[in-house]
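Engineer: Protein chains in written order, with numbering that gives the first Met the number 0: chain A, 0 to 323; chain B, 0 to 323; chain C, 0 to 323; chain D, 0 to 323; chain E, 0 to 323; chain F, 0 to 323.
Please keep in mind that the hints were generated in silico from the structure rather than gathered at the bench.
A couple of the hints might just be wrong.
The list makes no distinction among identical chains, and a pair is therefore deemed to hold if it is satisfied within one copy or across any two copies.
What the hints assert, rightly or not - Result set (DSSO-like, lysine-lysine): computed pairs, CA atoms no more than 27 Å apart in a straight line:
(1) K228 to K54
(2) K213 to K97
(3) K213 to K202
(4) K54 to K97
(5) K97 to K202
(6) K228 to K213
Protein chains: 6
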Amino acid sequence: MILRIDRWGTELPPPSDPDPAGAQAVQELMGGRFGEMSTLMNYTFQSFNFRGRQKARPFYDLIANIAAEEFGHIELVAATINSMLTGASPIDDGRAPKASLSDVKGIGNPHHFLAGGQGALPQDSRGNPWTGDYVFSSGDLVEDLTHNFFLETGARNNKLKVYEMVDHPAARALTGYLLVRGGVHQVAYARALEWLTGANLSKMFPTPRIPTDKIPECQPHIQQGLHRKLYRFSPSDYQELIAVWNGPHPETGEPLEVEQGPPEGAPPVDLPPQPAVFAPDYAPEEIAQIAQRLRQQAGLPEEPTGEVAEGPSALGRMAGKLTP
Amino acid sequence: MILRIDRWGTELPPPSDPDPAGAQAVQELMGGRFGEMSTLMNYTFQSFNFRGRQKARPFYDLIANIAAEEFGHIELVAATINSMLTGASPIDDGRAPKASLSDVKGIGNPHHFLAGGQGALPQDSRGNPWTGDYVFSSGDLVEDLTHNFFLETGARNNKLKVYEMVDHPAARALTGYLLVRGGVHQVAYARALEWLTGANLSKMFPTPRIPTDKIPECQPHIQQGLHRKLYRFSPSDYQELIAVWNGPHPETGEPLEVEQGPPEGAPPVDLPPQPAVFAPDYAPEEIAQIAQRLRQQAGLPEEPTGEVAEGPSALGRMAGKLTP
Amino acid sequence: MILRIDRWGTELPPPSDPDPAGAQAVQELMGGRFGEMSTLMNYTFQSFNFRGRQKARPFYDLIANIAAEEFGHIELVAATINSMLTGASPIDDGRAPKASLSDVKGIGNPHHFLAGGQGALPQDSRGNPWTGDYVFSSGDLVEDLTHNFFLETGARNNKLKVYEMVDHPAARALTGYLLVRGGVHQVAYARALEWLTGANLSKMFPTPRIPTDKIPECQPHIQQGLHRKLYRFSPSDYQELIAVWNGPHPETGEPLEVEQGPPEGAPPVDLPPQPAVFAPDYAPEEIAQIAQRLRQQAGLPEEPTGEVAEGPSALGRMAGKLTP
Amino acid sequence: MILRIDRWGTELPPPSDPDPAGAQAVQELMGGRFGEMSTLMNYTFQSFNFRGRQKARPFYDLIANIAAEEFGHIELVAATINSMLTGASPIDDGRAPKASLSDVKGIGNPHHFLAGGQGALPQDSRGNPWTGDYVFSSGDLVEDLTHNFFLETGARNNKLKVYEMVDHPAARALTGYLLVRGGVHQVAYARALEWLTGANLSKMFPTPRIPTDKIPECQPHIQQGLHRKLYRFSPSDYQELIAVWNGPHPETGEPLEVEQGPPEGAPPVDLPPQPAVFAPDYAPEEIAQIAQRLRQQAGLPEEPTGEVAEGPSALGRMAGKLTP
Amino acid sequence: MILRIDRWGTELPPPSDPDPAGAQAVQELMGGRFGEMSTLMNYTFQSFNFRGRQKARPFYDLIANIAAEEFGHIELVAATINSMLTGASPIDDGRAPKASLSDVKGIGNPHHFLAGGQGALPQDSRGNPWTGDYVFSSGDLVEDLTHNFFLETGARNNKLKVYEMVDHPAARALTGYLLVRGGVHQVAYARALEWLTGANLSKMFPTPRIPTDKIPECQPHIQQGLHRKLYRFSPSDYQELIAVWNGPHPETGEPLEVEQGPPEGAPPVDLPPQPAVFAPDYAPEEIAQIAQRLRQQAGLPEEPTGEVAEGPSALGRMAGKLTP
Amino acid sequence: MILRIDRWGTELPPPSDPDPAGAQAVQELMGGRFGEMSTLMNYTFQSFNFRGRQKARPFYDLIANIAAEEFGHIELVAATINSMLTGASPIDDGRAPKASLSDVKGIGNPHHFLAGGQGALPQDSRGNPWTGDYVFSSGDLVEDLTHNFFLETGARNNKLKVYEMVDHPAARALTGYLLVRGGVHQVAYARALEWLTGANLSKMFPTPRIPTDKIPECQPHIQQGLHRKLYRFSPSDYQELIAVWNGPHPETGEPLEVEQGPPEGAPPVDLPPQPAVFAPDYAPEEIAQIAQRLRQQAGLPEEPTGEVAEGPSALGRMAGKLTP
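If we strip away everything but chain A, and leave its shape as in the complex, we get:
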């Protein structure tokens, strides 16, 4: 089972200029073979299917716990895509019969507008859906870990290339964070393989052969030590991470550490309605009125109980201009 926390693992900038072509590229990090859907689901299935887990507990805990972090990563990729699509039709307006989507005809992934509500989808940069055949869960611990090390390597490759292709602030903030955190997972699987086989995979770092600290957007996270911390994403379980996650970081030599609990993170940005795509409705104020009435009936306080990032002024400044 999981508990869900309505916060993001890191802060992302509020929406700025829309960038649907960039959002199309970022989809690779969501639904591509090496995207976060793949890391989430590979580790999740491997943890479900782990036989003899009690006798191999540290390895089980490692995989199961990293799976939990990956949920937060698909959340961040989605948030980034959503942010980049915001304003691609007029904010809070653009109701049909206006031709509010004519500017995005032929730009980016058409499903962002025709299927979705200017929102993220489980597809890759080509618009092809993520598929369960991306999951490798052989049940053989050494093979699964070998796969996971390779998967994280491919993921790091893709993040670096998306970084180079998309300079939208949200995409840069995303890739900066994911490079650091994915790097932790890459090290974790290499480390587990080292314990199991004796092969010194640490020597393969960094791969691709660019040190993470060369990426400016990684720096704030590195300075907070996030490149050497493995969070324990559970109220009480997965205590044995420390049996695997210890020793020196293969790139920096600093000590690897387990952090007991999730990152503090940041409240999510509440993105504005896009009535042209009926999100959350053609007339969002109707939804709001009904919601408010239901809240009152249920004795809830006047203000919504959930926390979101402050940001209306930033959104207010958006000119809604599309620069594909």
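For this one, chain A is given, so just place chains B, C, D, E and F on it according to the hints.
Structural biologist: Below, chains B, C, D, E and F alone, put in the same frame as chain A:
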């Protein structure tokens, strides 16, 4: 973000006679269009993409929170499949070059053995992978809820049919539980639509038109009131479920209630190694030795820290006989 | 536009012993690359996309008109599959929680029961869905016709093999009819190519190299001359078929003839409910009562206005026994 | 069986400026999950697979008859796409080795030119093929109708968004018509569910929550009452539509009516050859000569017997300029 | 470019009892994610796309040359499947209208009979087609090699499991050979990574953790030293293999050696016609007569010039009995 | 088995201006239904599966031998795509964190950059992967040849259209060559069908109806007689091609001839590193140093043993400017 709890949402029986053909059928509840991967990912993406969530908070909380429960459901489906595959090759033995898989040639989904380690996969009953194109996230709240009501209806259909097709104890325990819990979600989405549109969808229950309480395996859960409880799967968030989840249950008239927190659940069964498929290894005792050494180095207690269900005696009685 | 006639192109036997494994094989004729979905959709799209049709009218009429017949062929394949699946769960009974589908666990295409209501689906014999990528519509008349000749050749191959694999009476009646009618289309496209290129494709018949009249189930249709008749499936259009469809039949030398209108055909069999799969409902009598009330309100006659084949006695004799 | 009428359900404008990027978007209405291929094939298979149809005749007639109208809708979507692609290479010219397709490199769906002859394909806006897995045919009448209501809701969403994205005259004429006619089907399935369950689904209209009459291009059809008419697409069958299709329209309160027969429609536009893509040939005049000779041999009149829209002058004015 | 040699890389036994269910399983080694189509195409594309190859020649030569061997491996997998399917319909007989395929209804992959001529297809054990998305060609040498090492590990896993599942003599001969040769490739990629990164991947062998020499069918090949030989599959190129392929074998410590040229191999078995599936024709003797006439016209010798294995007597003993 | 020759079948120009949108289109010739992957794999599987080959030797030799040439064709398509992608990021530079891929955001197939290293992939122009379901291997010789003739016809269509769409020098050189060589295969299969059936398929040439010699880029190859030569791609096998490949060319009447051996071809171009996509590494000089050391250890000569085309000066002139 999520926190993961290493417990199952409900108790499942320990492995008994293997049933790979049954496991193939149960896969529909995992990776089929209406399987738990679909409910999990539909609600997850809808929650990620929810625009103007602050003003529509009760509906956002509903979708985001049900998404969290669905993770526990893919966990249970996987556990069931894994249990049904256990013993299909000799328990704790069957190492190559023995022909330990010759009995399952032509039985069930060959990927359970050739790709996986007698374990669950994100595929449907045909062996076709789950695909991201099963996700509907239009951003239009009323449409998304209409979809979700339909999705849960299709899911209930599939659970009932799997119930009729597979009488393995694990499958029956699974479908009994999922029918009750999926029924809650079906009602929840109908209820949300009622609030938003005024259409009295409660009149459509039960659909398919068989009352849940006719299924014997649902009875224990109904008697505990699980058919009218919506769990809040979060330490602190999604407080506004009560604004939507209230009033009478459409079938029984009993009051709908929000439970503050997840179900107590049950510890997972630690399934035995299947060396014929190298799960967790061709020689599992090697893994165990390394794990034990690492645990000691890390100062962990002698016994594994994680809790699993008692069950060795039950497993010990397994004859490993395959009755497809 | 089309008008629909609620009759089958030929008579099919009433349900007899169920044969789900056979139904799985017959699906190749529905949703396989060379199945009737493919012939229907290839010719339909080619007719939609035909440029300069007015100056090439006889060829346009030929393709557009054969497309119309193919609709009747997917109807017949579906009817055959439905017939073969009838009785695989108890007729008019088998309501959950009975294990009414346990006999078909591991037999045939699981989607026939789990996704469908013991009914046909647009899938092939592997359970893979028909895909739009099976459509070839290049716009080049000679190429499209070359494709169509090849498509009909592959279709004839598949029909013959399904004939050899499945000896269920419904499957034999189906393949006997389709071999004759598909043979007409194969000749028609060869003939069109002959007119356009001068290549004497008639010399390639029969291909595969078994004369149609060797198949006993083809004989009744051959004796009625169906192997040399092209029906005109339109109240008033496609008058120019005769410009292409004339001359001697390549196998028999008999004259090719256009029949002005569709075949008389036969009324469809009204298949009995299968409550185990909720078709048409868990409690079909409820549907019947509502329908009857609506009919009365609308001033319709006491008896249903639609014609179906007589067959209750035959159905009554069905033991519902499954012989996979 | 079907009869085919060589007319379009409504009039579409003759080709004007080519718009391949718009044509790519319109493909969503053809081969997308909610496109017309999906409505056609869902209702067709549901009608094929309807068990106990005689006792539920009004519902069977409803589904079977709407299926028939949907054929006319894929025809109109194809015609629109074909029109929008016309002129994207030089009309009646552009023979290789000219670089006649260089202007469309990187514009729209490359298959419109490389695979097709500037013609429609069974693909969606991403260029992904329509798949049989889009068909839901559970056999359970209430579930199938629930699906169909949802399907039409998603289809209406997609039509509105394509309207907003593509302002080409052909696309606007298409979406204006389909919104009205699809709206009828959406009401029809809601109405059927109301009769069967008592749930007042009419309250959910319009969904998406924009009244159809806000769309200018819908107005001519609304003024002719097309939003409340269900055509009976059969010479003699499906007489029991009136048992379901009656009462007030959920949006306007006007009475719902059955029209006995198809709409008069309009003759199709005969689109000009595009020799750059060999449609209908590299040298279309060769095809025309052969056709004329065959027509004479067959004793057909001098002029083609099929009717097409007048339009050469309009086509003559086309500058063939591409404005992507 | 390639030159083709009409010999198999190793000897396979002549057809014995047919085993279509086994053939279905062996397809995983052809068209599965880790099948020989994948190894062939991954290395082929990596060699095509190798940038700066002149300066990295030994690595380029390694990948390009192993690609060449993989062609011989898909050939052997196909030969095995074909052999296992031989006799599943009557040898040299079974012409329609006989029900010659009724024994294989519901057995194995239906496409082996309905689509193919009792022959291999580029599909996996589920009947799902091989896809180009299985190819990883990042252009980054270290990543490509990491992938290749993982790919060969997964391939070894699959071969071992097919070995355990299918005890047909042809399947055993195949897997025995492929385990040895694939093992060479697994070592080769590990070795290349060792040179490039310094990580001692040799410590990971064997993976899966069963020594190859435990498999009896590997013994003949090991005794010939095939586990430590890398063949150079080129008349004159790929001379620099020796720069990477040297040093001790990670399991046995024996020296790795380059063999200049391909293995001698064995002539292919000429499998008998299966007229039930029209292979090579419904009436194979017609083909033979035409071929003989053409050979004479061309001045070719009386006997075919190509060499095939002696085997008629073995084939003559086949009872054609099917033991699924 | 195959031997590989490290030469291209024909000369291609060195990289000039990058053209990623053109490269996207050229992918149709690689991974499309009618691309070279399809011709390669269709003929390869047909040759593997050929039953009774000894008695039908000339036809077996024909198919097996053409398969061998097709390998050289996928090599040329890949080389063309690679050439067209060269320079799309800065040559020999562009290391992250530079935004070196921002110019190709939204241009062409994103997988060329995000998944690949500016290199070819087994995908079509839509970015959809090649699939094994494109392979037709029925085992029936006449049907397989009919398919092959149709496949080559579709391939010729696609080559001509890519020619018209992409005027990049590499694409023109490629299509010029492939049109001539694919034309040979189209004739070969027609010829084989003529021998087997007596149908004079030669009358269908050219199809599409544009003579190959109208394409200027075909002229050099026609002048060398390549349109009438069938190369024998084997050191010693496939001697019986001459029994089928003889007589007059259907378009020119010139005699068809078998060439004993492969074309001389040309050395491949060694494309420069693209460090932005880590091809062959983020720091290619590291790879070069290691390679050089290994070469020395192995006693290889100072200079690489493999031959590549001269071309540094040409590459040096590249401004790296992107003109999409």
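Engineer: Does each hint hold? Answer for all of them.
Structural biologist: Evaluation of the provided hints:
1. K228 to K54: Close inside one copy (25 Å), not across copies (36 Å); limit 27 Å.
2. K213 to K97: between (46 Å within a copy, 10 Å between copies)
3. K213 to K202: within (19 Å within a copy, 32 Å between copies)
4. K54 to K97: Intra 63 Å, inter 25 Å, cutoff 27 Å: inter-copy only.
5. K97 to K202: The answer is between: 26 Å across copies meets 27 Å, while 58 Å in one copy does not.
6. K228 to K213: Only inside one copy: K228 and K213 sit 19 Å apart there, 42 Å across copies, limit 27 Å.
Every hint from the earlier list agrees with this structure, and none is contradicted.
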